[in-house]
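Chains as they are written, first to last, in the working numbering: chain A, 1 to 737; chain B, 1 to 83; chain C, 1 to 234.
Just so you know, these hints were derived from the structure itself, not from any lab.
There could be a bad hint or two in this list.
[Claimed, not checked] Covered, in the sense of this in silico footprint (three residues per stretch, anywhere, with C-beta under 8 Å from a C-beta of chain A), are these stretches of chain C:
#1 53 to 61
#2 103 to 115
#3 145 to 152
[Stated by the list, open to error] If you want the ones that stay clear, here's a sample from chain C, every Cβ over 12 Å from chain A, calculated:
#4 P9
#5 N23
#6 V24
#7 D28
#8 K35
#9 Q70
#10 L129
#11 P132
#12 G133
#13 H142
#14 D159
#15 N160
#16 D206
#17 A207
#18 T208
#19 E209
[As the list claims (entries may be wrong)] Under the rule of at most 30 Å between Cα atoms (straight-line distance), these lysine-lysine pairs were calculated in the DSS-like manner:
#20 B:K40 - A:K142
#21 C:K35 - A:K213
#22 A:K449 - A:K142
#23 A:K213 - B:K10
#24 B:K19 - C:K35
#25 A:K737 - B:K4
#26 A:K260 - A:K213
#27 A:K142 - A:K260
#28 A:K213 - B:K19
#29 A:K594 - A:K142
#30 A:K449 - A:K58
#31 B:K10 - C:K35
#32 A:K142 - B:K4
#33 A:K449 - C:K35
#34 A:K737 - B:K19
#35 A:K682 - C:K35
What you are looking at is a predicted structure, and each value in this text was computed from that prediction instead of being measured.
Backbone N, C-alpha and C define an ideal beta-carbon position, used for all residues, glycine too.
Spelled out from the first residue to the last, the chains are:
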Amino acid sequence: MSNPDTDPVTSEVVEAHGLTDHEYDEIRRLLGRDPNLTELGVFSVMWSEHCSYKSSRKHLKHFPTQGARVIHGPGENAGVMDIGDGLAVVFKIESHNHPSFIEPYQGAATGVGGILRDVFTMGARPIASLNSLRFGSVRHPKTPYLVNGVVGGIGGYGNCIGVPTVGGEIYFDECYDANILVNAFTLGLVERDRIFTGKARGPGNPVVYVGSKTGRDGVHGATMASESFSEDSEQRRPTVQVGDPFTEKLLLEACLELMKTDAIVGIQDMGAAGLTSSAVEMAGRAGSGVELELTHVPLREQGMTPYEILLSESQERMLLVARPESVEQVQAIFQRWDLDAVVVGRVIDEPVFRVLSEGREVASIPVAALTDSAPSYDRPATRPPRQDHVQRLDVAALPQPENMNRVLERLLESPNIASREWVYRQYDHYVRSNTVVAPGADAAVVRIKGTSRGLALTVDCNARYCYLDPHAGGMAAVAEAARNLACVGATPLGLTDCLNFGNPEKEDVMWQFSQAILGMREACLALEIPVVSGNVSFYNETEGVSIHPTPTVAMVGLLDDVGRIATPWFKEEGDLVVLLGANRGELGGSEYLKVVHDRVAGKPPRVDLTLERGVQRTCRAAVEAGLLSSAHDVSEGGLAVALAEACFGSPGIGAVIELEPEGRADAFLFGESHSRIVVSLKETDYGRLQEMASREGVPAAVIGRAGGSRLVIGDLVQAPVERLQNLWSAALERCIK
Amino acid sequence: MLVKVFVTLKEGVLDPQGKAVQNSLHSLGFGAVQDVRVGKYLELQLDADGADDAEEQARRMCDKLLANPVIEDYRFEIAGTAE
Amino acid sequence: MRWGVAVFPGSCDDDDVVHCLRNVLGQDVCTLWHKDPFDGGCDGVVLPGGFSYGDYLRAGAMARFSPVMQGIVEFARAGGLVLGICNGFQILCESGLLPGALTRNASLRFVCRRVHLRVEDNRSPFTRLAQPGELLEMPVKHGEGRYHADAATLRDLDDNGQVLLRYADAAGEVSDEANPNGSVDGIAGICNRQRNVFGLMPHPEDATEAVLGGVSGLKIFSSMAAEIARGSGA
Chain A
1 MSNPDTDPVT
11 SEVVEAHGLT
21 DHEYDEIRRL
31 LGRDPNLTEL
41 GVFSVMWSEH
51 CSYKSSRKHL
61 KHFPTQGARV
71 IHGPGENAGV
81 MDIGDGLAVV
91 FKIESHNHPS
101 FIEPYQGAAT
111 GVGGILRDVF
121 TMGARPIASL
131 NSLRFGSVRH
141 PKTPYLVNGV
151 VGGIGGYGNC
161 IGVPTVGGEI
171 YFDECYDANI
181 LVNAFTLGLV
191 ERDRIFTGKA
201 RGPGNPVVYV
211 GSKTGRDGVH
221 GATMASESFS
231 EDSEQRRPTV
241 QVGDPFTEKL
251 LLEACLELMK
261 TDAIVGIQDM
271 GAAGLTSSAV
281 EMAGRAGSGV
291 ELELTHVPLR
301 EQGMTPYEIL
311 LSESQERMLL
321 VARPESVEQV
331 QAIFQRWDLD
341 AVVVGRVIDE
351 PVFRVLSEGR
361 EVASIPVAAL
371 TDSAPSYDRP
381 ATRPPRQDHV
391 QRLDVAALPQ
401 PENMNRVLER
411 LLESPNIASR
421 EWVYRQYDHY
431 VRSNTVVAPG
441 ADAAVVRIKG
451 TSRGLALTVD
461 CNARYCYLDP
471 HAGGMAAVAE
481 AARNLACVGA
491 TPLGLTDCLN
501 FGNPEKEDVM
511 WQFSQAILGM
521 REACLALEIP
531 VVSGNVSFYN
541 ETEGVSIHPT
551 PTVAMVGLLD
561 DVGRIATPWF
571 KEEGDLVVLL
581 GANRGELGGS
591 EYLKVVHDRV
601 AGKPPRVDLT
611 LERGVQRTCR
621 AAVEAGLLSS
631 AHDVSEGGLA
641 VALAEACFGS
651 PGIGAVIELE
661 PEGRADAFLF
671 GESHSRIVVS
681 LKETDYGRLQ
691 EMASREGVPA
701 AVIGRAGGSR
711 LVIGDLVQAP
721 VERLQNLWSA
731 ALERCIK
Chain B
1 MLVKVFVTLK
11 EGVLDPQGKA
21 VQNSLHSLGF
31 GAVQDVRVGK
41 YLELQLDADG
51 ADDAEEQARR
61 MCDKLLANPV
71 IEDYRFEIAG
81 TAE
Chain C
1 MRWGVAVFPG
11 SCDDDDVVHC
21 LRNVLGQDVC
31 TLWHKDPFDG
41 GCDGVVLPGG
51 FSYGDYLRAG
61 AMARFSPVMQ
71 GIVEFARAGG
81 LVLGICNGFQ
91 ILCESGLLPG
101 ALTRNASLRF
111 VCRRVHLRVE
121 DNRSPFTRLA
131 QPGELLEMPV
141 KHGEGRYHAD
151 AATLRDLDDN
161 GQVLLRYADA
171 AGEVSDEANP
181 NGSVDGIAGI
191 CNRQRNVFGL
201 MPHPEDATEA
211 VLGGVSGLKI
221 FSSMAAEIAR
231 GSGA
C-alpha cells in the first residue's frame with residue numbers, strides 16, 4: 001500500500017509546492033536522495049520567500065544594524081534595544097496581507113496575535129501596539145467591508161489581550177484595491193538580564209509544546225493544489241486561521257510567569273510554517289538538532305497526517321526547550337493557566353531535524369539544509385522605462401484653483417488626511433495605564449512605570465513617493481518617522497521595517513526594492529538609527545499589477561522625561577507660530593495633486609538629510625527645554641493642512657498666519673516639502689528657539705500667531721476652525737460606511 | 001443525546017445587531033424584511049437517561065448559564081442520540 | 001486596611017488597578033486568583049476590567065461561577081465594599097449583585113474614548129468625596145456597555161438614588177451625543193440598594209495620574225478608602 005507521507009514525490013507535486021526544478025535538484029543534492037512528501041513539505045515552507053528571505057537577503061544586508069543600544073538585531077524573533085535603568089525594549093513589525101484580504105477580521109486578528117507572540121517569546125511584556133494599513137480606493141465596493149473587518153479584527157484581538165493599540169496609519173489608493181496591506185507592530189518591555197532567545201541548546205533537553213491544539217488551519221496551500229496524492233482532498237482544504245485572543249492571553253501570562261524561573265533554555269512561537277519552522281530555527285541558531293515525535297502533539301482534528309501536523313499554522317502555540325528536571329515545573333505553571341504543555345521531542349547532538357510518527361521516521365533533514373543552505377537569489381533589477389514618464393510633471397501647466405479655502409476643505413476631507421478617530425476609537429489605547437499621548441498626534445507616547453522615562457512610537461510610509469522614486473521614498477519614510485518622534489521630543493532608538501512589494505521575479509519590482517532599501521539606508525546612517533528587525537512581504541500584486549512599493553517604517557524613540565513632551569495642538573492664545581525648516585513648494589506626489597488634479601506624478605519632495613537632522617535636533621532640544629506649546633510635522637496636505645490640524649485641539653484654537661507665497665499659492669499651501677515642523681511658543685521664548693535653530697543651521701521664521709476661532713493664512717485661506725474640524729472629523733466614517 | 005439550544009433576546013430589548021442586519025438586507029433589495037432579531041444557537045452533546053432527563057438538564061443549564069434571564073429567552077430541542 | 005483585586009483568566013486591567021491602589025494611593029493590595037476561594041480577608045474588593053473567560057457566551061457570564069466569586073458574593077451580601085469596573089460591572093450584573101444587564105453597544109463597535117461623568121448621587125461609599133453634579137473625566141473602553149433594565153427596575157434605581165454616574169457632555173448635560181454606548185438614561189454606573197456594591201463601565205484606574213491626563217478617578221478610590229478607614233464598611 002502506498003503511503004503519501006513517505007513515498008517519493010512526482011514532478012507535479014514539486015511544482016505544486018512552489019519549488020523550481022533547480023531548487024528540487026538542490027534538495028536532492030543536500031539529502032543525497034529523493035525527499036518524501038513530508039520532507040518536501042518541510043523544504044517548501046522553509047525555503048519559501050516568507051521563511052528564507054531568498055530574494056531579499058542580499059539587499060537586507062545593506063541596512064545598518066549596529067548601535068550602542070542594540071542587544072539583538074535582525075535574526076531573532078524581534079529586535080532588542082537597551083534603554084537604560086536595566087531595561088530593554090523588544091519590537092517588530094510584520095505583515096499579514098494576504099490572509100487579511102481573504103478574511104479581513106480573522107486575517108488581521110491573527111496578524112496581531114502573531115506579532116504579540118514574537119515579542120513575548122523573548123520574555124518581554126507587550127505594552128504597546130501599532131498598525132499600518134493600506135486599502136483600495138474608498139469608492140471600491142469592497143473597501144468598506146475590508147476596512148470594517150480589519151479594524152474589527154485588530155481591535156477584537158488587541159483589546160481582548162489587554163495590549164493598548166496606541167497609534168498607526170491608514171491610507172487608501174487604487175493600487176491596493178485587490179491587495180490590501182495589514183502590518184502589525186508590537187513593543188514589549190523586558191529586564192535586560194531576562195531576555196530569552198529561540199535556541200535549542202543542550203542535547204537531551206526536552207522540547208515542550210504549549211498552547212492551543214493543532215488543527216489543519218492554514219496548512220500550506222500546496223496540499224490543496226495537489227489533488228493527486230490524496231483521496232480526501234476536500235477534507236484537507238486548508239481552513240482560515242481563526243484567532244483566539246483569550247487563549248493567547250493565557251499563553252502570554254503563563255509564558256511570562258515561566259520566564260521568571262530558570263526552567264527553560266529557549267523558546268519560540270509557532271508562526272508561519274508552525275512546528276516546523278520553530279523547531280528548525282531553534283536548532284539552527286544553536287547548531288544542534290531536534291527530534292520530534294508527532295504522536296504526542298495535541299490535535300484538534302482527527303486523522304491528521306505528519307505532513308499536516310508539521311505544516312499547520314494553528315494559532316496560539318509555542319515551542320520551548322526546558323531543562324530536564326524542570327518539565328514538571330513547566331507543566332504546573334501551564335496547568336495553572338489551563339493550558340496544555342506536552343513533551344513532543346528532544347534536542348539532539350546531531351544537527352538534524354528528525355521527525356517520528358508512532359516511532360517511525362517520517363522525515364530526516366540536516367538542519368543546515370533548511371536554514372543556511374536555503375537558496376539566495378540575486379534577482380535582476382532594472383529601472384523600468386515608465387519611471388521617466390511617471391516622474392514627468394509640468395507644474396506650470398496645472399491650472400491654479402480659484403478658491404484655496406475650498407481646496408483646503410477638500411484635502412481635510414480626503415480619506416488620506418481626515419481624522420482617524422473612527423478607527424482608533426475601536427482600539428483600547430489606555431489599558432496598562434501608560435498612555436501619555438494617545439493616537440492622533442505625530443507619535444504616541446507611553447511612560448515606563450518606575451522611571452521618569454517614556455517611549456515614543458510611530459509608523460510611517462508614503463507609498464506614493466516610493467512609487468515615483470523608491471530611493472527618495474525609502475529615505476522619506478525613515479526621515480518622516482524620525483521627525484514624528486522629534487515632534488513629541490523623543491530621540492530615535494531604532495526601527496523595524498515591513499517591506500511590502502510586488503513580485504520579486506519582475507525586474508522593475510526588484511529595482512524598486514533595492515532602491516528603497518538604499519534610500520532607507522542613507523537616512524538611517526545620517527540620522528544614526530539602526531534597523532533591528534523586520535519583515536519582507538513580496539507578491540503583493542493582482543492580475544499582474546503590483547501595489548505601490550510600501551516600505552513601512554515603525555520607529556521607537558526614547559524620552560528621558562516623559563513630563564517634557566509636545567503635542568500637535570496650539571494651546572495658548574497669542575503664542576507665536578514658527579516654522580522650522582523651509583518651504584520649497586514641491587508639488588510632486590502630493591495629496592493635493594491627487595485630490596484636485598487626479599494626478600500621481602512628478603518627483604517626490606527631496607530629502608535633505610543635513611537639514612532634516614538639524615530640524616529634528618532643534619525641535620527635540622526645544623521640547624526638552626520646555627519651550628514649545630506645540631509641535632506638528634508637515635506632511636500630506638502640506639503647510640495648510642498642518643496648520644489646520646494644529647488648530648484641532650480640544651478646545652480648538654485658530655491662528656493668523658502672515659506669510660506670502662513665493663511662487664504659486666497652491667505649491668506654497670499644499671506642497672509637501674520635507675523637514676518642516678510647525679511649532680508654537682511664548683513670544684518671550686522665541687529668542688532661545690532662534691539660537692537653537694541657528695546652531696543647527698535651520699530656518700526658524702515666525703509665520704503668525706495662535707488665537708481666535710478662525711484659521712487665516714494671508715489672503716488665501718480664511719475659515720472658522722469649527723467648520724474645518726467638523727469636515728475633517730466626519731469624513732473618514734462617511735467614506736467607508 | 002443532541003440538545004439544540006436557541007437563545008434569543010427578549011421582546012422589547014433593543015437589538016442593534018438585528019437592526020444592522022435588517023438595514024443590510026434592505027440595501028440588498030430584500031425590502032420585505034420587517035424585522036430581524038439575532039440570537040445564539042448552541043449544540044450540546046449530552047449524556048442523559050432519556051428525553052425527560054435531557055430536558056431537565058438542559059433547562060437547568062439554560063437557567064444557570066446559557067441565557068441571561070434579564071435580557072434573553074431560550075428554548076431547546078432534543079434531537080435524539082448523537083453519532 | 002487591605003484591598004483585594006480579583007484576577008480571572010482574561011482580566012486585563014487587574015495590573016492597572018493594583019498599580020493605582022498600591023503606587024498612587026499607597027494602599028495595601030493583594031490579588032485574588034479566580035481558582036482560590038475568597039475568605040473575606042479584605043476590606044474592599046475590586047473586580048477589574050478585561051475579558052474574563054474570553055467574554056465568550058456573554059460578558060461576565062462565566063466568571064460568576066468561579067470559586068473566588070462565590071466568596072465575593074457572600075462578602076457583598078454581608079455588606080463588604082465591592083467595586084466592579086467594566087468587565088467587573090458585567091460580572092456583578094450576571095451575579096445578581098446589581099440589577100439589569102450590559103448589552104452590546106448601540107454602535108455595534110468597541111468604543112474607546114474619554115468621557116465626562118456627572119455625579120448623580122454622593123450618598124455612597126464610592127462617591128462620598130464628590131459633589132452631586134460634579135463632572136469626572138475618565139476613559140471608557142468596551143464593546144458591551146449598554147446598560148439595560150426594565151422600566152420598573154429603572155424607576156427603583158432612580159427612587160433609591162442608585163444611579164451614581166451618568167454620561168454627560170463637558171457642560172454636564174446628559175445627551176445622546178455624550179452617551180458612548182446607548183445606555184438607557186445615560187447610565188454609566190449604579191450601586192445596589194444597600195449601597196455597598198458599585199458597578200461602572202468607565203475606568204477610574206486610568207484617571208489617577210496627571211501624566212496620564214487626569215486624576216478624577218481618584219475620587220472613587222479615595223472615597224472607598226475613606227469609608228473603610230472610618231471603619232463603617234458600608
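Hints and how they fare:
For the stretch 53 to 61 of chain C, the proposed coverage by chain A is satisfied: 4 residues have a C-beta within less than 8 Å of a C-beta in that chain, meeting the threshold of three. Here the stretch 103 to 115 of chain C counts 5 residues with a CB under 8 Å from a CB of chain A, which clears the bar of 3, and the coverage holds. Restraint check on the stretch 145 to 152 of chain C versus chain A: 0 residues with Cβ-Cβ distances below 8 Å, three needed, restraint violated. Distance check for P9 (chain C) against chain A: the nearest CB is about 6 Å away, which does not clear 12 Å, and the non-interface claim fails.
Here N23 (chain C) does not stay apart from chain A, with its beta-carbon only about 8 Å from theirs, under the 12 Å limit. A beta-carbon of chain A comes within 12 Å of the beta-carbon of V24 (chain C); the shortest separation is about 9 Å. Remark: the non-interface label on D28 (chain C) is consistent with the geometry, its nearest Cβ contact in chain A lying 19 Å away (cut-off 12 Å). The beta carbon of K35 (chain C) is not kept farther than 12 Å from every beta carbon of chain A, the shortest such distance being approximately 8 Å.
Distance to chain A confirms Q70 (chain C) as a non-interface residue, since its nearest Cβ pair spans about 19 Å, more than 12 Å. No beta-carbon of chain A comes within 12 Å of the beta-carbon of L129 (chain C); the shortest separation is about 21 Å. At the 12 Å boundary, the C-beta of P132 (chain C) stays outside the reach of chain A, the nearest C-beta of that chain being 26 Å off. In this structure G133 (chain C) is separated from chain A by more than 12 Å, as the shortest Cβ-Cβ distance comes to about 22 Å.
Residue placement check: H142 (chain C) does not keep its beta carbon more than 12 Å from all beta carbons of chain A (closest about 9 Å). For D159 (chain C), the requirement that its beta carbon stay farther than 12 Å from each beta carbon of chain A is met, with the minimum near 35 Å. The beta carbon of N160 (chain C) sits about 32 Å from the closest Cβ of chain A, which is more than 12 Å, so the claim that it is off the interface holds. At roughly 5 Å from the closest C-beta of chain A, the C-beta of D206 (chain C) falls inside 12 Å, breaking its exclusion from the interface.
Look at A207 (chain C): its CB is around 9 Å from the nearest CB on chain A, not clear of 12 Å, so calling it non-interface is violated. Residue placement check: T208 (chain C) does not keep its beta carbon more than 12 Å from all beta carbons of chain A (closest about 8 Å). Interface exclusion of E209 (chain C) from chain A breaks down, the closest Cβ pair being 8 Å apart, not more than 12 Å. A distance of roughly 28 Å separates the Cα atoms of K40 (chain B) and K142 (chain A); the hinted pair therefore holds under the 30 Å criterion.
The suggested pairing of K35 (chain C) with K213 (chain A) holds, with an alpha-carbon distance near 23 Å, which does not exceed 30 Å. For the given pair, K449 (chain A) sits about 43 Å from K142 (chain A) by alpha-carbon distance, which is inconsistent with the 30 Å threshold. The hinted pair formed by K213 (chain A) and K10 (chain B) fails the criterion: a straight-line CA distance of about 37 Å is larger than 30 Å. At most 30 Å may separate the alpha-carbon atoms for a hinted pair to count; K19 (chain B) and K35 (chain C) exceed this at roughly 39 Å.
The straight-line distance between the Cα atoms of K737 (chain A) and K4 (chain B) is roughly 36 Å, outside the 30 Å bound, and the hint therefore fails. A hinted pair counts as satisfied when its Cα atoms are at most 30 Å apart, and K260 (chain A) with K213 (chain A) qualifies at roughly 25 Å. Between K142 (chain A) and K260 (chain A) the alpha-carbon distance is near 47 Å, which puts this suggested pair outside the 30 Å criterion. Restraint check: the Cα-Cα separation between K213 (chain A) and K19 (chain B) comes to about 37 Å, which exceeds 30 Å; the hinted pair is violated.
Among the hinted pairs, K594 (chain A) with K142 (chain A) is consistent with the structure: their alpha-carbon atoms are about 21 Å apart, no more than 30 Å. With a C-alpha separation of about 40 Å, the suggested pair K449 (chain A) and K58 (chain A) falls outside the 30 Å cut-off, and the hint is violated. In summary, the hint linking K10 (chain B) to K35 (chain C) is not supported, as the alpha carbons are separated by about 33 Å, beyond the 30 Å threshold. For the suggested pair K142 (chain A) and K4 (chain B), the alpha carbons sit about 36 Å apart, so the restraint of at most 30 Å is broken.
As the CA atoms of K449 (chain A) and K35 (chain C) are separated by approximately 29 Å, the hinted pair is consistent with the 30 Å bound. Straight-line distance between C-alpha atoms of K737 (chain A) and K19 (chain B) comes to about 15 Å, which keeps the hinted pair within the 30 Å bound. Among the hinted pairs, K682 (chain A) with K35 (chain C) is inconsistent with the structure: their alpha-carbon atoms are about 57 Å apart, more than 30 Å.
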